[in-house]
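A.B. asks: Residues per chain are reported as follows:
Number of protein chains: 2
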Amino acid sequence: MSSERMPSEPNIVYIGNKPIMSYVLAVITSFSAVDTKYVTLKARGRAITTAVDVAEITKRRFMKQLDVSGITIGTEEIPQEGGGTRAVSTIEIILRKTDGSS
Amino acid sequence: MSSERMPSEPNIVYIGNKPIMSYVLAVITSFSAVDTKYVTLKARGRAITTAVDVAEITKRRFMKQLDVSGITIGTEEIPQEGGGTRAVSTIEIILRKTDGSS
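Chains as they are written, first to last, in our numbering: chain C, 1 to 102; chain L, 1 to 102.
No lab work stands behind these hints, which were simulated from the structure alone.
Quick reminder that beta carbons are idealized off the backbone N, C-alpha and C, glycines included.
Check the hints yourself; a few may be wrong.
Which bits of chain C does chain L cover? Going by a derived footprint, with three or more residues having C-beta under 8 Å, they are [what the hints assert, rightly or not]:
{"#": "1", "stretch": "48–56"}
{"#": "2", "stretch": "68–75"}
Label pairs and their in silico Cβ distance ranges [unchecked claim]:
{"#": "3", "chain 1": "C", "residue 1": "Val34", "chain 2": "L", "residue 2": "Arg46", "range": "35 to 41 Å"}
{"#": "4", "chain 1": "C", "residue 1": "Thr98", "chain 2": "L", "residue 2": "Gly16", "range": "30 to 36 Å"}
{"#": "5", "chain 1": "L", "residue 1": "Lys97", "chain 2": "C", "residue 2": "Met21", "range": "37 to 43 Å"}
{"#": "6", "chain 1": "C", "residue 1": "Ile28", "chain 2": "L", "residue 2": "Ser22", "range": "36 to 42 Å"}
Pairs of lysine-lysine residues, derived as PhoX-like cross-links and limited to a Cα-Cα distance of at most 25 Å, are as follows [stated by the list, open to error]:
{"#": "7", "chain 1": "L", "residue 1": "Lys42", "chain 2": "L", "residue 2": "Lys64"}
{"#": "8", "chain 1": "L", "residue 1": "Lys59", "chain 2": "C", "residue 2": "Lys42"}
{"#": "9", "chain 1": "L", "residue 1": "Lys42", "chain 2": "C", "residue 2": "Lys42"}
Using the sequences and the hints given, assemble the complete structure.
C.D. replies: Take a look at the structure:
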């Protein structure tokens, strides 16, 4: 509300089928902003595994002060061409920067 | 200890590359035992997506009284032929049977 640091979807990284390291870099970049304490990874379908890889690699190799503050799974109904929907699983992983130094 | 219903790893379903419905059936079967309130899904690598699918399909289609009581992610070092290790991501999803009726 009070400043320019409130984009419509702040600090969400959508995981798709790009190389894992491009998402790791996106997470690190998001956390580099002042006052960013949480970054959320969102993925669905086959990209769910990639989201877990991104969380683990970022934490283990690059930002040891991260922890996972929450994980939720769900199902989305994706509209299909020709009508109807297809159910696809989703995941959200919330990463939190703790007070440790990198 | 006291009867035959205490395997070494009770109520854990390991997710691999079989069809999703075979794991859904394994979860339903585990919960059908008397006193079983929790079943844990464990998966690593590409099977992580399958584990999420199994949790969601079991819950939405077959056992509406289930909820997800916890999800943890991690990394395992897998020994490689010829020495060295390879890091692979893991997930554990704990399903809980609540008091609702099916």
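A.B. asks: Hint by hint, say whether it matches the structure.
C.D. replies: A quick look at each hint next to the structure:
no.: 1; hint: 48–56; verdict: holds (count 6)
no.: 2; hint: 68–75; verdict: holds (count 6)
no.: 3; hint: Val34/C / Arg46/L: 35 to 41 Å; verdict: holds, 37 Å
no.: 4; hint: Thr98/C / Gly16/L: 30 to 36 Å; verdict: holds, 34 Å
no.: 5; hint: Lys97/L / Met21/C: 37 to 43 Å; verdict: holds, 40 Å
no.: 6; hint: Ile28/C / Ser22/L: 36 to 42 Å; verdict: holds, 39 Å
no.: 7; hint: Lys42/L / Lys64/L; verdict: holds, 21 Å
no.: 8; hint: Lys59/L / Lys42/C; verdict: holds, 21 Å
no.: 9; hint: Lys42/L / Lys42/C; verdict: holds, 21 Å
Comparing the model with each earlier hint shows no violations; every hint is respected.
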